[in-house]
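**Q** Below, each chain spelled out in residue letters.
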Amino acid sequence: MDARERERLRKVLTTVGVITILLLGIALYLGISTAREMKGIIRDQFNQQQLVLAKSAASRIETAVQNAIADLRLLNSLPAIQYADPESYETLLVSILPVLSRDCISEIRRVDRDGNTIFVANDQGIGMRHFGLVHQEAGVFLSWAADTGNRGKATAPTGARPKDAAKDRGHIELDLITPTYEDSTSALHLRASHRFAGYFRATLDVNRLLNQVVSPIKSGKTGYAWVLDSSGIFLYHPETTFIGENAFEIRSKRNPNLSFLQINHIMRDEMLRGNESTGTYTSGWHGDMVGPMEKLIAYTPARIESPYGYIWSVAVVAPIHEIEGSISAVYERQILLQGIIVFIILLGAVIVVLYELRWSTILEHEVVLKTDDIRRYAQELERSEGKYRSLVESAEDLIFTLDRDGTIKTANQHMSRLFGLSKSVELTGQSLYRFLPREQTEEQLSMIRDVCDSGRGQRTETIFHIQNEEFWFNIHYIPLKAEGKEESRYILGIARDITDRKSLERQLINTEKLASLGTLSAGVAHEINNPLGIMLGFCELLLERMEPGTMEYTDLKTIERHGLHCKGIIQGLLSFARISDETEEYCDLNTAIEGIVSVVRHTLNMNNIELMTDLEEGLPRVRGDSKALQQVFLNLINNSIQAMRGGGILSMTTRFAPVRDEVDVFFSDTGYGIKQEFMEKIFDPFFTTKQVGEGTGLGLSVSYGIITKYGGSIECESCTVEEDPDNSGATFTISLPIEGHPVREPSVPGTLNSPPESEPANDTNEDEKTSELRKQESGKEKITQEKTRMINQENRKTGKEKTT
Amino acid sequence: MNRMNVLILDRERDIGELFARALETMKKYKCYYATNEEDAVALLKDMGFDLILADMSILSTGDFSLMRKIHRLCPGITIVAGAYNHQKEQITKALSYGAEAYFIKPIPIEELRKRIDDLNIKANSSIRPE
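The listed protein sequences derive, respectively, from chains A and B.
Count along the first sequence from 1, add 1181, and you get the number used in this note's numbering.
Count along the second sequence from 1, add 563, and you get the number used in this note's numbering.
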């Protein structure tokens, strides 16, 4: 991954991360707000419950007060109370006190219209008038009771007050009075006077009452209720020390560090006004736990009968944390779970991303490796291809691909060179028809089509004419299968130049032919020789007895002549077959020539042929038998004589060639020459231009055999009358290695001594080959036909001018 | 003049006839011919010969045993072997076994006469041929 992609990835990751965090935040916020909402709802619900509690408490308080008032009124309606007859009310009191006590009335008092207590009954007993004015009743009581408008009513003229302010402010009482009128009748009072008789007062033991009603109130786990009265005094509080204290002050006193604004506000503005509602406030403690504590409060007024709207307010409070605690717990758990899930998801995502990163890194790495591999393979392939290309190009064979129609697809260097082009690219796309004769191309193409169709390769040996030269090729055609197809469009061809082999083969065949011919000849010759000898012998005998001139003599002569002819043939055959009787290993050429000259001089003279000899002095001896060499010379001379009908010049020259360690002998005549087309054949056995019966046709081939046997060479140059009338003739050049020269093996046909040459595959003229060899071996100076001609011309100037 | 006895030994009767006729014209030779070893031996036993012209193939049978016989039968006889061109080793061997000279067949009769003459055989004299 490159830097740019990494950057992008980082951006993407960052964006994703931010979005995730944002989402998380939103989720969190939503969770929290939901929680809060739930909390609120719960709170409200709870508060409502608390309110219900409070209300029930309040109503119970009211009921209790109402009960007390009912009791009051009931008693008030009793004549015993109205008339305050001591005897009557004593018993009454005794019996009703427990009842009253049950209603939390701690004391009843009958006060007369003057405000004097008639009697008091409480847990201490019954107190009678004779205790005197125990309590100075608040004037307000009497004045209220005296008000005729209040007749029949009950009221709490004052609020709840401590029983004994000095001693224990916590002991709260509430007075309930009802004006007493003598309305009832009894046995003693048969007639109701309906006079105002004072009032009847019941004192509620507020503590007890509230304890009964309020203390069992449990809100939640540790929630409780407390009661305020209109003056802000705690009438009841689980914190018993609070009871009777000023609600606004006692809290601060207890925990001065905290601010109780909220609760004070609630108390003052809500509760004391007799409102019913719910709310929250912060308290300084809760039960045993000290510390700022948020609390839920539900309050409701309990209306006390009073002349001025005296109310008690019941509050039910519970610490929020209790309620919310569980909720919080649930919510926290939920949030935690959510958080965990989100976290897991995130983690999963991160892991996936990391894996992806790792994976892509690994992939990248792999790709790099593979790219390297590929590059390496590509290089290797290139190298291999280069190797094979160079192989193909440098091959000495023709390597090419062709299609069915003969269009060259590819070709190697050798092929283009062969076809005469400089670069192999030039061959591409060319048709084979352009380079080969039509029939040859057709032949190859039909084979190629065969190969394509059959899908099998084929071999063939065939001759091609390329650029006016003949070549033999051994060609292997291989079909190139295109993928998936059965038929090939192209073939691969590998052609080996076997021209040399062919020529060697031909030579070999010729040699074998010659050898078998020779063997045959030898056998035949032998067979014939004997009878021939006998024939000639008897002929000779007869001739001795005949007179020359007689017909018998002439006839015998004819017989002899033909017999000798046969002998000549036999001899030629035997020589040809290499059955020889040489005895010499080395000889002196000059001597041999002189010997032969002596033999032929007469014949030359007879034929009007001038003889010119130029024999170098001091020639080293050469390999060879003089008789055999003389046979060769004789043959050449005879040929020359034949060629110079009417006369001419025959010259013989010997030269020592030190460079080659050879001696050259030149036989040159001014005859009618040898036609160019015959030049290649003159050394072939039985080749003759003479008339039938005039010659055997073996002379030159035998001579050739003899010379080459001694490691020499014989060549011929000629110019015919047609070509150049003035300079016609033939020159035979014989070269023989000198004595002591480590001679190479004679270039006998059939031996593979001469280096292969890409010569046209005709019946190879061995002499030309040998001469080629000699030419190649060293820069030779040869007396050519030209020079011979010059010599001849010179000779001619001195001698007779001959025309043939 | 004493005529020398010449034995011509050749499988080919006509050659014997030919050589005999050729030599007899020279008047100093009396020729006989045989075509096989037995006949030759019989003749040798019968009479003395001065010269024997023997064909190599008969001469060389049995490792030239005939030559030994001839020497035994006619000591001092001149043996001339007639051989073909290719029988060189046999010629050498024959010479080493006591042949005086050799000629190559076919040989013209004139040359034969000359060669025999050159041998200069004078009844048991031996001169090497040229």
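Errors might be hidden in some of the hints.
Using 30 Å as the maximum straight-line C-alpha spacing, the simulated DSS-like pairs for lysine-lysine come out as follows [to be verified]: (1) A:LYS1738 / B:LYS632; (2) B:LYS656 / A:LYS1890; (3) A:LYS1694 / A:LYS1862; (4) B:LYS677 / B:LYS591; (5) A:LYS1568 / A:LYS1551; (6) A:LYS1738 / B:LYS593; (7) A:LYS1748 / A:LYS1890; (8) B:LYS677 / B:LYS593; (9) A:LYS1748 / B:LYS651; (10) A:LYS1748 / B:LYS632; (11) A:LYS1694 / A:LYS1738; (12) A:LYS1683 / A:LYS1348; (13) B:LYS651 / A:LYS1808; (14) B:LYS590 / B:LYS677; (15) A:LYS1402 / A:LYS1434; (16) B:LYS656 / B:LYS593; (17) A:LYS1236 / A:LYS1220; (18) A:LYS1808 / A:LYS1871; (19) B:LYS677 / A:LYS1748; (20) A:LYS1694 / A:LYS1871; (21) A:LYS1738 / B:LYS677; (22) A:LYS1220 / A:LYS1344; (23) B:LYS590 / B:LYS608; (24) A:LYS1748 / A:LYS1862; (25) B:LYS632 / B:LYS651; (26) B:LYS608 / A:LYS1808; (27) A:LYS1694 / A:LYS1748; (28) A:LYS1399 / A:LYS1434; (29) A:LYS1236 / A:LYS1399; (30) A:LYS1344 / A:LYS1434; (31) B:LYS591 / B:LYS632; (32) A:LYS1856 / A:LYS1694; (33) A:LYS1694 / B:LYS632; (34) B:LYS677 / A:LYS1808; (35) A:LYS1604 / A:LYS1694; (36) A:LYS1738 / A:LYS1662; (37) A:LYS1890 / B:LYS651; (38) B:LYS677 / B:LYS632; (39) B:LYS590 / A:LYS1738.
Just so you know, these hints were derived from the structure itself, not from any lab.
**Q** Give a verdict on every hint.
**A** So, going through the hints one by one against the coordinates:
Straight-line distance between C-alpha atoms of A:LYS1738 and B:LYS632 comes to about 42 Å, which puts the hinted pair past the 30 Å bound. Simply put, B:LYS656 and A:LYS1890 have alpha-carbon atoms about 27 Å apart, close enough for the 30 Å limit, and the pair holds. For the hint pairing A:LYS1694 with A:LYS1862, the CA-to-CA distance comes to about 16 Å; that is within 30 Å, so the pair holds. Distance hint between B:LYS677 and B:LYS591 is fulfilled; the C-alpha atoms sit about 13 Å from each other, no more than 30 Å.
Of the supplied pair hints, the one linking A:LYS1568 and A:LYS1551 holds, its CA atoms being roughly 25 Å apart against a limit of 30 Å. Using a Cα cut-off of 30 Å, the hinted pair A:LYS1738 and B:LYS593 holds, with the two alpha carbons roughly 28 Å apart. For the given pair, A:LYS1748 sits about 24 Å from A:LYS1890 by alpha-carbon distance, which is consistent with the 30 Å threshold. A threshold of 30 Å between alpha carbons decides the hint, and for B:LYS677 with B:LYS593 the separation of about 16 Å falls inside it, so the pair holds.
Taking the CA atoms of A:LYS1748 and B:LYS651, the gap is near 21 Å; set against the 30 Å cutoff, the hint holds. With a C-alpha separation of about 36 Å, the suggested pairing of A:LYS1748 with B:LYS632 is violated against the 30 Å cut-off. Distance restraint check for A:LYS1694 and A:LYS1738: the Cα-Cα separation of roughly 36 Å exceeds the 30 Å cut-off, and the hinted pair is therefore not satisfied. Using a Cα cut-off of 30 Å, the hinted pair A:LYS1683 and A:LYS1348 is violated, with the two alpha carbons roughly 157 Å apart.
For the hint linking B:LYS651 to A:LYS1808, the alpha-carbon distance of about 17 Å falls within 30 Å, and the restraint holds. At roughly 14 Å between alpha-carbon atoms, B:LYS590 and B:LYS677 fall within 30 Å of each other, so this suggested pair holds. With a CA separation close to 26 Å, the supplied pair A:LYS1402 and A:LYS1434 stays within the 30 Å bound. Between B:LYS656 and B:LYS593, the direct Cα distance comes to roughly 28 Å. Compliance with the 30 Å bound is thereby established for this hinted pair.
Simply put, A:LYS1236 and A:LYS1220 have alpha-carbon atoms about 23 Å apart, close enough for the 30 Å limit, and the pair holds. Of the pairs offered as hints, the one joining A:LYS1808 and A:LYS1871 holds, with about 25 Å between alpha carbons and a cut-off of 30 Å not exceeded. Distance restraint check for B:LYS677 and A:LYS1748: the Cα-Cα separation of roughly 21 Å lies within the 30 Å cut-off, and the hinted pair is therefore satisfied. At most 30 Å may separate the alpha-carbon atoms for a hinted pair to count; A:LYS1694 and A:LYS1871 meet this at roughly 24 Å.
With a CA separation close to 22 Å, the supplied pair A:LYS1738 and B:LYS677 stays within the 30 Å bound. Of the pairs offered as hints, the one joining A:LYS1220 and A:LYS1344 is violated, with about 43 Å between alpha carbons and a cut-off of 30 Å exceeded. Only pairs whose Cα atoms come within 30 Å are accepted, and B:LYS590 paired with B:LYS608 is accepted, the gap being roughly 24 Å. For the given pair, A:LYS1748 sits about 25 Å from A:LYS1862 by alpha-carbon distance, which is consistent with the 30 Å threshold.
Restraint check: the Cα-Cα separation between B:LYS632 and B:LYS651 comes to about 22 Å, which is no more than 30 Å; the hinted pair holds. Of the pairs offered as hints, the one joining B:LYS608 and A:LYS1808 is violated, with about 43 Å between alpha carbons and a cut-off of 30 Å exceeded. For a cut-off of 30 Å, the pair hint linking A:LYS1694 to A:LYS1748 stands: about 23 Å separates their Cα positions. Distance hint between A:LYS1399 and A:LYS1434 is fulfilled; the C-alpha atoms sit about 26 Å from each other, no more than 30 Å.
For the proposed pair A:LYS1236 and A:LYS1399, the alpha carbon gap of about 13 Å is at most 30 Å, so the pair holds. For the given pair, A:LYS1344 sits about 23 Å from A:LYS1434 by alpha-carbon distance, which is consistent with the 30 Å threshold. Taking the CA atoms of B:LYS591 and B:LYS632, the gap is near 26 Å; set against the 30 Å cutoff, the hint holds. Taking the CA atoms of A:LYS1856 and A:LYS1694, the gap is near 26 Å; set against the 30 Å cutoff, the hint holds.
With a C-alpha separation of about 45 Å, the suggested pair A:LYS1694 and B:LYS632 falls outside the 30 Å cut-off, and the hint is violated. Between B:LYS677 and A:LYS1808, the direct Cα distance comes to roughly 21 Å. Compliance with the 30 Å bound is thereby established for this hinted pair. At most 30 Å may separate the alpha-carbon atoms for a hinted pair to count; A:LYS1604 and A:LYS1694 exceed this at roughly 44 Å. Restraint check: the Cα-Cα separation between A:LYS1738 and A:LYS1662 comes to about 81 Å, which exceeds 30 Å; the hinted pair is violated.
Of the pairs offered as hints, the one joining A:LYS1890 and B:LYS651 holds, with about 19 Å between alpha carbons and a cut-off of 30 Å not exceeded. Proximity of B:LYS677 to B:LYS632 is assessed by CA-CA distance (about 28 Å); at most 30 Å being required, the pair is judged to hold. About 25 Å separates the Cα atoms of B:LYS590 and A:LYS1738, which keeps this hinted pair within 30 Å; it holds.
When the structure is compared with the earlier hints, violations turn up for hints 1, 10, 11, 12, 22, 26, 33, 35, 36 and for no others.
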